[in-house]
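With the hints as extra help, turn the sequences into a complete structure.
These protein sequence lines are chains Y and R, in that order.
Position 282 of the first sequence, counted from 1, bears residue number 329 in the numbering used here, the numbering being contiguous throughout.
Position 55 of the second sequence, counted from 1, bears residue number 56 in the numbering used here, the numbering being contiguous throughout.
Rather than coming from a laboratory, the hints here were simulated on the basis of the structure.
Remember, predicted model here, so these are calculated numbers, not experimental data.
Glycine included, C-beta positions come from ideal geometry on N, C-alpha and C.
One thing to keep in mind: the hints can contain errors.
[Unchecked claim] The following residues of chain R were derived to be distant from chain Y, with all beta-carbon distances above 12 angstroms: (1) 14; (2) 87; (3) 113; (4) 129; (5) 159; (6) 176; (7) 268; (8) 275; (9) 278; (10) 288; (11) 289; (12) 300; (13) 308; (14) 345.
[What the hints assert, rightly or not] Not the full set, but computed from the structure, chain R residues with beta-carbon under 10 angstroms of chain Y: (15) 39; (16) 85; (17) 110; (18) 117; (19) 346; (20) 349; (21) 394; (22) 395.
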Amino acid sequence: MSIDTDPTPAADAPAPTRQLSHLRELESEGIHIIREAVSELERPVLLFSGGKDSVVMLHLALKAFWPGRVPFPVMHVDTGHNFPEVIAYRDRIVEKYGLRLVVSSVQDYIDDGRLLERADGTRNPLQTQPLLDAIAEHRFDAVFGGGRRDEEKARAKERVVSLRDEFGQWDPRNQRPELWTLYNPRHRPGEHVRVFPLSNWTELDVWRYIEAEGIELPDLYYAHDREVFARDGMWLATGPVVEPREGERVETRRVRYRTVGDMSCTGAVESDAATIADVITEVAATRITERGATRADDRLTEAAMEDRKKEGYF
Amino acid sequence: MASTSSATTATSPATLLRLATAGSVDDGKSTLVGRLLYDSKSVLTDQLDAVERVSRAKGLGHVDLALLTDGLRAEREQGITIDVAYRYFATANRTFILADCPGHVQYTRNTVTGSSTADVLVLLVDARNGVQEQTRRHLAVGQLLRVPTIVVAVNKMDLVDFDQATFNRVSTEVRAVASELGADAVHTIPVSALEGDNIVERSDRTPWYEGPSLLEFLENAPAGTEFADLPFRLPVQLSIRPQDAAPEFREYRGYAGQVATGVVRVGDPVVVLPAGRRTTVTAIDTADGPLTEAFAPQSVTLRLADPIDTTRGDLIAAASDAPEPTQDLSGLVAWLAEKPLRVGARVLVKHGTRTVQGIVREITGRLDLDALAPIPTDTLELNDIGRVTLRLAAPVAPDDYTVSRRTGSFLLIDPQTGGTLAAGMVRGFGAFDEAAEQAATVSWSI
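Now the structure itself:
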């Protein structure tokens with residue numbers, strides 16, 4: 048894939064200018080951020096769920112160190128309720144690029160009583176403790192996350208390099224100013240930083256980049272037939288994790304997923320978008336955010352994400 | 002100003018523009034940002050539903066678009082904006098990153114942060130009030146940070162009956178302050194954020210105004226192109242020596258970084274600073290294949306002709322036009338920490354990819370943003386902008402900030418906590434040419 052530059056600046060410009068397309072500028076920024084964090088800190092790790100944002104982030108990391116290997120492991124906080132095809136995809140990618148995978152399992156915590164299953168069965172909020180324990184156990188000091196500022200209003204205030212205290216907490220009222228492209232990941236022992244290379248990407252940018260780079264994703268991002276039932280205005284997949292309650296009718300619908308998370312709270316949207324180009328057309332025309340459409344956990348309260356982030360969530 | 006879309010731009014890939022918005026309290030900034038997002042269809046229905054729900058719950062008679070931009074619980078509870086928020090919207094040929102800088106709490110810290118990466122600073126002025134103290138300060142910070150384009154949206158034109166004389170009077174005031182600050186061109190646009198006049202579409206209620214709407218202006222403003230016209234600079238982030246890679250790469254040795262300014266071509270003579278060793282670029286590598294040239298802000302990996310010792314923190318620069326390494330750094334700093342800065346303080350200085358120890362030798366004074374005059378002082382308090390001289394434990398190779406924002410900026414960092422203390426701008430060293438050097442010696446020119 049060659050670098051596409053803009054050959055035709057504004058008609059009244061005096062001379063041709065060298066200007067990157069917005070996707071290539073975002074790519075370059077992401078690579079720069081990843082290289083900075085890796086150079087300044089000792090023990091980075093990249094959160095890899097098999098979701099599209101983490102896949103794009105890994106793609107940038109592969110580019111950042113080429114022809115060398117990615118010089119850090121990837122970590123998955125497995126809720127135990129993941130889509131089987133996403134786990135299969137995760138394992139395939141890890142093998143393909145010779146990565147080291149660290150898995151932190153919510154199921155283990157539930158089995159030995161360190162965490163209690165929630166009444167609503169949602170496991171997304173339960174990921175925080177296993178995540179923080181794994182960070183402490185492996186002494187990770189830089190944790191790459193695929194969070195984007197356009198996702199959610201608390202995330203709009205997030206830094207590219209964001210400090211977490213020794214309890215993993217985010218203090219949104221006391222963040223470091225982030226100036227020019229001079230990122231500052233320094234911290235005291237016991238603290239760590241979260242690093243978000245895709246901070247300035249939108250959902251549409253992610254999809255356009257996936258198209259431009261020909262990046263493989265789990266199949267469930269594309270339209271397929273699935274047995275689903277309606278709950279809270281979302282289509283949930285029926286299976287061992289989520290059973291329909293009385294009055295909820297299971298039917299086969301043509302759906303796809305806009306986000307990939309815990310099966311208990313991640314809904315599908317009705318869609319015929321079977322290719323990347325179809326998905327881009329659909330995302331460009333949609334009038335509902337991806338979290339609003341497909342994440343029950345973000346609908347709990349107006350500040351659901353802010354509260355989870357303060358505790359140390361992704 | 003060219004029209005919004007033309008046959009040539011419609012087919013080329015979209016470019017990225019970074020803008021910052023600032024204004025005094027009640028100038029209608031949140032409404033303006035909400036309007037830009039809403040009219041460019043970047044606000045989605047579930048976000049709007051939430052805003053409508055909260056507006057009703059608060060007993061408001063209208064939908065408060067400001068709620069779109071206040072993200073934190075404390076902000077919504079207190080009805081204030083605490084921190085810079087980033088927003089995203091797009092048109093057919095541009096995507097926009099908007100840093101929304103709150104006006105009243107810590108305005109220096111927020112405006113400095115937003116301005117540091119902005120291609121365009123959008124300032125709001127209430128047409129009824131004209132230029133206020135806060136407007137002067139925001140203009141001063143925008144000029145100090147060398148935001149390439151500053152545009153003043155003269156808002157609430159609906160409340161002055163879209164009166165041309167009022168707009169002209171405010172424009173004249175704005176231009177007077179701008180010229181006092183040495184800002185070349187500050188544009189003014191008459192708008193009503195509440196009713197949408199001249200925000201996206203040109204308004205028929207201002208027939209006397211012949212310029213672009215705000216969005217048209219933003220679509221055509223230069224976006225980072227000035228960096229490619231400067232001499233070549235690449236701060237080395239890390240060296241890539243993949244001993245465990247495929248056999249053909251076992252001997253590979255490259256220097257990875259983002260081109261900060263200028264253009265580099267294969268065969269170009271370069272100098273590695275601060276050591277000052279000269280060599281030649283033999284290859285420009287990316288994961289997508291080799292390039293014959295690279296320009297700012299591309300992330301690349303350079304290979305050099307001579308096996309000279311090059312590591313993170315070094316600066317690769319055009320041999321014909323390289324900055325002078327120095328252990329004495331002089332410049333303006335915006336002090337962003339609660340704890341005051343005093344002479345003798347030990348700090349870390351991050352310039353490019355190089356972090357060195359420093360000691361504050363001298364604090365010459367601070368800048369009074371209202372009078373735009375220096376005031377003698379030996380300490381800097383939170384939100385002060387002051388002139389300091391630092392002695393460094395090892396040299397750095399900076400350019401003058403007025404010439405290059407990318408290689409003339411630095412951070413002061415607390416060696417104990419790692420916290421960011423100040424935004425620094427090199428003034429008076431390493432100018433690209435004599436003219437800039439002369440300008441830089443007038444130490445209190447913004």
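- Numbers of the earlier hints that this structure fails to satisfy, in rising order: The structure conflicts with hints 1, 2, 3, 10, 11, 12, 15, 19, 21, 22, although it agrees with all the remaining ones.
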